[in-house]
Structures are given as C-alpha cells and as structure tokens.
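Protein chains in written order, with our numbering: chain L, 9 to 341; chain B, 160 to 326; chain Z, 1173 to 1670.
It is worth saying that the hints were derived from the structure and are not from the lab.
Being a predicted model, the structure only gives us computed values, none of them experimental.
We put the CB at the ideal spot given by N, CA and C, even for glycine.
There could be a bad hint or two in this list.
Result set (EDC-like, lysine to aspartate or glutamate): computed pairs, CA atoms no more than 16 Å apart in a straight line [claimed, not checked]:
{"id": "1", "chain 1": "L", "residue 1": "Lys312", "chain 2": "L", "residue 2": "Glu299"}
{"id": "2", "chain 1": "L", "residue 1": "Lys100", "chain 2": "B", "residue 2": "Asp260"}
{"id": "3", "chain 1": "B", "residue 1": "Lys315", "chain 2": "L", "residue 2": "Glu96"}
{"id": "4", "chain 1": "L", "residue 1": "Lys45", "chain 2": "L", "residue 2": "Glu73"}
{"id": "5", "chain 1": "L", "residue 1": "Lys172", "chain 2": "B", "residue 2": "Glu310"}
{"id": "6", "chain 1": "L", "residue 1": "Lys160", "chain 2": "L", "residue 2": "Glu198"}
{"id": "7", "chain 1": "L", "residue 1": "Lys79", "chain 2": "B", "residue 2": "Glu310"}
{"id": "8", "chain 1": "L", "residue 1": "Lys151", "chain 2": "L", "residue 2": "Glu239"}
{"id": "9", "chain 1": "L", "residue 1": "Lys45", "chain 2": "L", "residue 2": "Glu75"}
{"id": "10", "chain 1": "L", "residue 1": "Lys234", "chain 2": "Z", "residue 2": "Asp1522"}
Computed Cβ-Cβ distance ranges for the label pairs, DEER-style [stated by the list, open to error]:
{"id": "11", "chain 1": "L", "residue 1": "Glu164", "chain 2": "B", "residue 2": "Val210", "range": "38 to 46 Å"}
{"id": "12", "chain 1": "B", "residue 1": "His240", "chain 2": "Z", "residue 2": "Phe1655", "range": "43 to 51 Å"}
{"id": "13", "chain 1": "Z", "residue 1": "Val1223", "chain 2": "L", "residue 2": "Ala124", "range": "36 to 44 Å"}
{"id": "14", "chain 1": "B", "residue 1": "Phe293", "chain 2": "Z", "residue 2": "Gly1651", "range": "54 to 62 Å"}
{"id": "15", "chain 1": "B", "residue 1": "Leu178", "chain 2": "Z", "residue 2": "Ser1634", "range": "49 to 57 Å"}
{"id": "16", "chain 1": "B", "residue 1": "Gly280", "chain 2": "Z", "residue 2": "Leu1551", "range": "21 to 29 Å"}
A short, non-exhaustive set of chain B residues, derived as facing chain L with CB atoms under 10 Å [unchecked claim]:
{"id": "17", "residue": "Glu310"}
{"id": "18", "residue": "Ala312"}
{"id": "19", "residue": "Pro314"}
What follows is each chain in one-letter form.
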Amino acid sequence: MKVEKCRKRFGVLLATAVCVAVLLMVGTVSAASWPDKSKILTMYVASGAGGGSDMAGRMIASVLEKELGMKVVVINKGGGGSQIGVTEFLSKSGTDGYTVLCANTPVTISPYMDPARKATYHLGKDIQLAVGYGFSPCAVAVKKGGKFKSLKDLVEAAKANPGKIKGTASGPMVQNDLSMVLLNKAAGVEIARMYFDQQGEQRAALLGGHVDAEFNNDFELIGGNKSGEIETLAIFDKTPAVTLPGVKTAESMGYNVHMAAAYGLGFKTGTPQEILDVVEAAVIRASKKAEMVESFQKIGLGVKVMTGKEYRAYWTGIENVVGDVVKGMAVKK
Amino acid sequence: MSMKRINQFFGCILLTFFLFMGYTARTTLTYWTEGSVIGPGSGYFPFWICVILSGLTIYWLIQVTIRPGEKIPKDFIPPRHEGLLVLAIFMDMILFIAIVDYIGFPVAMFIFLMVMVVALGERTLRHTIYYGIFSVVVTTFFVVVFGRWLEVAFPKTGIGILKTLGL
Amino acid sequence: MDALSGLLYGLSVALRPENLLFVFVGCFLGTLIGVLPGIGPVGAISILLPVTFQLAPTGATIMLAGIYYGVMYGGSTTSILVNVPGETASVVTCLDGYQMARQGRAGPALGIAAFGSFFAGTAGLIGLQLMANPLSRIALKFGPPEYFALILLGFSLITHLSYGSKSKACVMALIGLILSGVGLDPITSRERMTFGILNLFEGIGVAPVAMGLFGVAEVFNNFGTLSSGSIEKIRITKLLPSKLDWLQAKWAMVRGTAVGFFLGILPGGGPVLATFVAYALEKRVAKNPERFGKGAIEGVASPESANNAAASTSFIPFLTLGIPPNVVLAVLLGAFMIHGIVPGPLLIRDHPEIFWGLVGSMYIGNVVLVILNLPLIPLWVQVLRIPSKILYPLVLLFCLVGAFSINNNVFDITVMIIFGIVGWLCRRYGYEGAPLILAFVLGPMFEVNFRRSLLMSQGSFSIFFTRPIALGAMIFSLGLVIFPIYKLLGKRFKGTAC
Chain L
9 MKVEKCRKRF
19 GVLLATAVCV
29 AVLLMVGTVS
39 AASWPDKSKI
49 LTMYVASGAG
59 GGSDMAGRMI
69 ASVLEKELGM
79 KVVVINKGGG
89 GSQIGVTEFL
99 SKSGTDGYTV
109 LCANTPVTIS
119 PYMDPARKAT
129 YHLGKDIQLA
139 VGYGFSPCAV
149 AVKKGGKFKS
159 LKDLVEAAKA
169 NPGKIKGTAS
179 GPMVQNDLSM
189 VLLNKAAGVE
199 IARMYFDQQG
209 EQRAALLGGH
219 VDAEFNNDFE
229 LIGGNKSGEI
239 ETLAIFDKTP
249 AVTLPGVKTA
259 ESMGYNVHMA
269 AAYGLGFKTG
279 TPQEILDVVE
289 AAVIRASKKA
299 EMVESFQKIG
309 LGVKVMTGKE
319 YRAYWTGIEN
329 VVGDVVKGMA
339 VKK
Chain B
160 MSMKRINQFF
170 GCILLTFFLF
180 MGYTARTTLT
190 YWTEGSVIGP
200 GSGYFPFWIC
210 VILSGLTIYW
220 LIQVTIRPGE
230 KIPKDFIPPR
240 HEGLLVLAIF
250 MDMILFIAIV
260 DYIGFPVAMF
270 IFLMVMVVAL
280 GERTLRHTIY
290 YGIFSVVVTT
300 FFVVVFGRWL
310 EVAFPKTGIG
320 ILKTLGL
Chain Z
1173 MDALSGLLYG
1183 LSVALRPENL
1193 LFVFVGCFLG
1203 TLIGVLPGIG
1213 PVGAISILLP
1223 VTFQLAPTGA
1233 TIMLAGIYYG
1243 VMYGGSTTSI
1253 LVNVPGETAS
1263 VVTCLDGYQM
1273 ARQGRAGPAL
1283 GIAAFGSFFA
1293 GTAGLIGLQL
1303 MANPLSRIAL
1313 KFGPPEYFAL
1323 ILLGFSLITH
1333 LSYGSKSKAC
1343 VMALIGLILS
1353 GVGLDPITSR
1363 ERMTFGILNL
1373 FEGIGVAPVA
1383 MGLFGVAEVF
1393 NNFGTLSSGS
1403 IEKIRITKLL
1413 PSKLDWLQAK
1423 WAMVRGTAVG
1433 FFLGILPGGG
1443 PVLATFVAYA
1453 LEKRVAKNPE
1463 RFGKGAIEGV
1473 ASPESANNAA
1483 ASTSFIPFLT
1493 LGIPPNVVLA
1503 VLLGAFMIHG
1513 IVPGPLLIRD
1523 HPEIFWGLVG
1533 SMYIGNVVLV
1543 ILNLPLIPLW
1553 VQVLRIPSKI
1563 LYPLVLLFCL
1573 VGAFSINNNV
1583 FDITVMIIFG
1593 IVGWLCRRYG
1603 YEGAPLILAF
1613 VLGPMFEVNF
1623 RRSLLMSQGS
1633 FSIFFTRPIA
1643 LGAMIFSLGL
1653 VIFPIYKLLG
1663 KRFKGTAC
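Construct the entire structure; sequences and hints are all you get.
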C-alpha cells in the first residue's frame, strides 16, 4: 500500500515537472530571432471578405509571405466600420510581432476620433505603424453623356440648387464620404451625401439617374471609366493617377481637396522596434520588385511606400481632417 | 393563478419594455435631421416600431382582460424531464462559449460533445468510451474540414501542454 | 455574334478539358460550402481568390462562378434534413422541406429541390443570354423609392409565411424589425440599441439568428419527445419524387423561377428576398393553403427554384453593366479585375471567350450539379437513420462551428444559442420564426431605402407616389393588405346580419 502511494506521488510529481518544463519551453520567445519561420504571422483585416480593404490586405499578405519566408494567415473581422476588428486585434495580439493589423486611413481612424462611437483605443496610444504600402486616391464620377461635363458644372449646379444634387459614398466617415465633405467645404456648396454600402448599388443608382455623382476610390472607377459608362471628372490627389488616365486633379481646377485610402501595417504598442524595422525593410524591398507592383496594378491599387514615420505623419494629418468633420457633425445635430 | 393573470403579467412586462425602448429611441437618437442630410434620423424607425408594438400589446392586454379566464393548459410549463434536458444542453453550450477562448476550439468541442452525449445517453462506462471515440473522430473532422481546408481561424488554446500538441 | 452562335462558341470553350475540370471543381466546392452551415460563398471565394491568380482568366472565372451557383444547390440539403439552413437563401426551404423529411419524404424533397434548381438555373441563363441588355436597363429604373415600395410588398406577404395566428405572425415580424435596427445606424453611424456592447455594433447576424430559430430550436424541441421516450421512427418511404409530387410542384417551380428571375436582377434584392416572396406567392395561389408548413412539396420547389433563378440572373447587371448586385458578385468582380477583365458593356466585344465561356459553363454547371446531387440523395437520406442521440449532438456541433465560421466570432455562437432558446419557447406557445426572419432580413433594406428616398426628395413623402413603378408597387401591396381585411369584415358583417 505504502509503496503504491509513493509511486503515485512520484508519478504526479513527474507529470508536474514535465508540464512545467513544457510550459517554460513554450513560454520563452525572443524578439531577436524574429521572424521565426516556423511560426505563423496572423494578419487582421478589419473588414469583411471582399472589397478594397480586404484585397489590399490579402495582397500585402502574399508579399510578406515571400519576403519574410513565413506563412501569413489573414483573419477577416469586419463590422462597426473597422472598430470591432481593431478592438479584437488589440485584445488578442501580443507584443511578440506575430500578429499584425492591416490598417487603413481614414477607415481605421474614424471610430476613435468620434467620441459617440466610444472606441476603447486610440492610435497614438495603442498601435505602432510599421509601414505604409498602398495608396488609392478618391475621385468623383458622373454618368457619361449626362448633364455634367466637368467638376465645375457639378459644383455650379449644387450652388444653384442647394441640397438637390446628390452624391454617393459607401458609408459615413469613410474616405469617399470625407472627400465629398471636403469638396463641399472647399467649394462652399451642399452636395447631399447618400450612402450605399454595396459598390453595385452605388453604380446602379448613378447609372439609373437616381443620384448625380459617385464619389469613390480610383480602383472602383477603373472599370466603368474604361467601358465608357461613367466619366471621372476629377481626382482628389496632388498628382493625376495612372489608374485613371486623362483625369485631372481637383486642385488644378481650383478645389483644394485631397483624400485617399492609404493602406499600411501596424503592431500593438510595445512590440520591439527591430521587428517593425524588419517589416518596413521587407515591404520597401518588395516594392522595388516588378512583381509586387504588377500584382497591385491588377487590382488597381497603387504601390506607394511610406516609412513608419512618414505614414505616421500622414495619419496624423488625416486625423485632423476627420476630427474637424466630426466637430462639424456635432454642431449640425 | 389563472391563465388570465399570467397573460396580464406577461403583457405588462412587454409593454414596459416596448415603452422603455420607444422612449430611449425618441430621446437618445435623432428623430429627424435638417441640413445637408434631410430626412428621418436614426431614431425614426425604432420609435415607430415601438409605438406599434406598444399599441398591439395594449390591444392584447384589453382582449385578455375582457375575455373570460381560462385554466392553465396542461403542458404550459415544460415537463420536468424535457425542461431539465434543454437546460442541460443550454448550459453545455454556455460552457462551450466560456471555455473556448482559453482552451481552444478542438478541446472545447470535445468537452461539449462529451457532456452532451452523457446528458443524453446511458451513463455506463462502455458507452462513455464509445462516445469518447466518437467525439474524437468528429472533432478531428471539424478541425480538418473547417480549420485546415476552409481556413476558419478557430481560437487557439492558451494552455502550454495543449499548445505543444498543436491544438 | 448572335445568341445561338455565341452559345455554341461558349459551350466549345467550356467543354475544353481544363475548363470542364474547373466547372466540376467549382460546382463540387459550391455544393460542399452550401451544405456546411455558416461559411458562405463570399468566404469561400475570397479564400480561393489567391489560387486563381495563377489560372487562366476563363478557368478562374468559371470556377468561382461555379461556387456561387453551386452553393444555392447545396444550401437546401441541411434545411430539409435537419432544419438547419445552410445559407440565408434556404431558410424558407426549412418550413416545408423539414416537415417532408419528418414524414419520410426527404428523398422527394431533395429531388424536387435539385430539379427545381436545375430548371430555374437554366431558365435564368436563357434570360441572361437573350435579354441581358434590356433587363439590365429595367433594373436601373429601380431607385430607393422603388426598392422601398418593393420591400413593402414583401412585408405585405408576411402573414402568408405563418400557418397559425395572423396577429402572432405580425408581432414576430415587428420584433424582427426592431432587432434588425440594432447596431450602427447605416446612414449616420450612430450606435443604437447596442447597450454599449461592441459586438452588437455590426448588428445581429441573419445567419446565427436563422440557425438558432430553426436548427437549435428544433433540436431542443425534439428533446421533449426524446426524453419522454416516445421517439417516432421516421419511415423512409421513397427516394425519388412520385408522379403526384411532380404534378404538384410543376407550376410552383415555374412561378418560383419567375419571381427569382426578376428579383435577381435588382441590385441589393437578390436570392434571399426572392425565396420569401416565391413561398408567399405559392401559398397565396394554392387551392388549399393549409397544407403549407406541413410538408407541401410546392413549399420546397418554389423557393429553391427562386434562389437559383436569382443566382443566374444576378449575372445580368454584372456582365452587362459591371454592377455587382450582391456581395458575392462584388468579390467576383475583384477576381475579374485581377485578370485585367472589366465586366460591362464592352465585355462581350473585348473578351468573348470570357462572356460566352462563362455562360456556356453555367449551362454545363447546372447539369453537373444535378448529376452530382442526384446520386447523393440516397446517401443524404441515410442521415435520418442516425440515432437521435448521435444526430442531435452532431447537428448542434455543426451549428456551433457554422455560426463561428461566419465572422470568426464567438459572439455569433452566443446569438445563435439565445435565439435557439427563444425559438424553442416561441414554438411551445405557438409563435413562428419565419415572419421574424423575413422582417429581420428586409428591415435594414426597408429603413435605408426609406431614408434614402426622403433624402432624395428633401424630406417630402410625395416621392413614393409620384414615381410610376413605386406607386404601382405601393398600390399593389396596399391592396394585398386591405383585400383580406375587407373580405374578413364582409364575412363578419354577413354573419351578424343573419
């Protein structure tokens, strides 16, 4: 009896020891050896499958896979205009650099700049940006052969009939909506903002004559522009885009409006700077190869690399724009 | 207590709820906006739905009150064994949700199945072993089909020893 | 190229061995995804998108399209067998399909679903091929007021979705409507009725609610009979539809196809709405509507035809105007763009091999799906022979995994379980889930189009009565509501007079 009891105790001790050893082995992660190629890099895309943000995320995932030599798994977590995805990213992510957020201005910004949304995070505090990689300016398009031949026509009409001219955007406080707000402000008009969350609905409303203008990212307009159903009037960027040949900037027409979606990568605050540097270097390296540029071109997304610092500065600029718009909204209510 | 009282009681609870929802919708949400966006605000629909629902509940309450009271139907309250079984499975599902984030999807799935078959089936050792094997097979199937092929990102285990097993 | 020579050319493209393989793979995967609850065509296509980078454009688009319409075939399987809707578009199929299975007629139900899908899919394709351009122009006539009126029409059919008390159906619908408002307001992004719960910001998902109200509630409901020891053994009578089944289902298929055909073209409408409308229509024209909800074969034939017809015709605005009418086709649009193809009026001229190849492949795909599905029926029916003590845990597990896989979110499982209990209680006390689901699906569209319309008219309600299509639909739906009440009042009046 006694011997048996002893044996049992010994067994329990041994099991505990093994457990502890295993736990210790698993527990130690060193930042110096990043990236550990046997591990998986989990990438959070804070939008549902399909659509611009998801595509941009999946494209950079395959780039990172090649450059870092490790498997990258994309997790789509849509909802609440990126708020749900970002919140979950921050709660699930460690600071070991194996979870990365595919960030997107201004979509990722809007939730926390708007106090009514009660976001539990703030970029400056919680997320470190590693690098910006993709850039898609907003533009405005109308039905081809319709009343409007130029941006000036549209603005004049909006001036003559306040509130009667309608423009589409995919949702409140996303880039195309902001571009409309900024145009309204720059031109001193009130183009009514109508939201269609599906891209198809936006175009159908435009072609059916139910709205007057479609505000959208350049890659959403390429198709209709090519096939001649819509006419892009102006692009809201400092330089014309290769994706929309022949379209002039709004700036050149006297409306100082700049708005775009800028895609980048971010880690949770506390992640070692070396890891961020590795990712930054990897993306910069890849952007010099034809492969990445070509694959991005196919979906109409321009490659524009910003270092972590540049991306941060750009981000702060957009934060101010969003902040102003939010303040304006509060007054109207 | 007659059926009449139960109905009245239930109706009052519903009415309070709908009135409360309607009130919050009217006071905290925008009813109508003017300016660049003209038209109903976010509170317009919830408010009117609550109004209609409150109206219907009041109508129902009046109806129930004038009608002669009935006896409580025999199976109004679920029979004991049925209620217990539903409660057990319900608790099992709640357990699943509670533990899945900590011990990972595969193990949680296995525990869920085991608890359930024990709740449903005979509780002899032989059966438990059979069901254990069955649960392992099913769990593996789900992990492979959904986790591997369909790339569903199941929650991973946070416990070291299970981690080394790759669960 | 006219339609016939175009089709022959398309078939020759689609029948190339490698393309035939892609059709097959697409259809097979689609069926599989359809059978599995939760994960839908959007998720599946997004996962496969990177794989198609390497393929030739024709093969890639053929395969991805195959997944889309394959899902519509597979979705009905679990609805019929275990009352768990595989996709939102097959929720309605649960109503009568599952009852048929309970009566041992799962085989005929699955058979009619498969054949109805084939018939409707092919009919939709013929429409796509012959009338694509005029049809897409009609679709463009539908602005927010027209959608609003159309959805109102959908609502007026709500009482037809229930087989019990009409007032109870209305209450369920209103509750569905209020639940659909939870989340961020679609126009202004303000949170409402979320009680500060972050997961509610996106709103409550349709799929978890449907799986809870139908699948989980059904399992709970069966515990009653299971625990009292009176398990009714399902006798499987037939594997294939009988002559009577065919006769009964024939016109239901045609009507379902017509409804799906039209609603599929409209951006934002789509297969889900089509199934509800088709079912309600079927019940309305039926000689003895009390059969519905108790295993009427028309109740399976018509929604299944409708969702497949809608799947086929939703390609019309996509291919002719470059407008994706739903999220699945929006993802497909991305796939086209990756290969440098722009869907739109120039597609047929610039890339005839893609346009006609896709159309041809869809004809073949529909045949492949029938061939794939018919031999599976005897196999599926065996599911019903599984002892309940094994089957129910499996069904619940399928629901758990399915609900999770929609958004990779445990919260969806919670929603499903809550609605499982709610559904179980509702059924005990004579309330039905179908009106709730319909209102839940239509609610956001209803509200958003109402508000968009008023935005267009600057707050004036006259917009709903000054546009011909909207006015027509409004009058029609008002008629649908008023006529039964009028009849009822008339009867009562007569009754008292006597």
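Okay, the hints, checked on the actual structure:
1. L:Lys312 to L:Glu299: Holds, at about 14 Å.
2. L:Lys100 to B:Asp260: holds (10 Å)
3. B:Lys315 to L:Glu96: Holds: Lys315 of chain B and Glu96 of chain L sit about 14 Å apart, inside 16 Å.
4. L:Lys45 to L:Glu73: holds (10 Å)
5. L:Lys172 to B:Glu310: Since the Cα atoms of Lys172 of chain L and Glu310 of chain B sit roughly 47 Å apart, the hinted pair is violated (cutoff 16 Å).
6. L:Lys160 to L:Glu198: Holds, at about 14 Å.
7. L:Lys79 to B:Glu310: holds (13 Å)
8. L:Lys151 to L:Glu239: holds (6 Å)
9. L:Lys45 to L:Glu75: At roughly 11 Å apart (the allowed maximum being 16 Å), Glu75 of chain L and Lys45 of chain L satisfy the hint.
10. L:Lys234 to Z:Asp1522: Roughly 12 Å between the alpha carbons, so the hint for Lys234 of chain L and Asp1522 of chain Z holds.
11. L:Glu164 to B:Val210: 38 to 46 Å: holds (44 Å)
12. B:His240 to Z:Phe1655: 43 to 51 Å: For His240 of chain B and Phe1655 of chain Z the Cβ distance comes to about 47 Å; the hint holds.
13. Z:Val1223 to L:Ala124: 36 to 44 Å: holds (42 Å)
14. B:Phe293 to Z:Gly1651: 54 to 62 Å: holds (56 Å)
15. B:Leu178 to Z:Ser1634: 49 to 57 Å: violated (32 Å)
16. B:Gly280 to Z:Leu1551: 21 to 29 Å: Given range 21 to 29 Å: holds, Cβ gap about 26 Å.
17. Glu310: With a minimum Cβ separation of about 7 Å from chain L (threshold 10 Å), the hint on Glu310 of chain B holds.
18. Ala312: holds (5 Å)
19. Pro314: holds (9 Å)
The structure shown violates the earlier hints numbered 5, 15.
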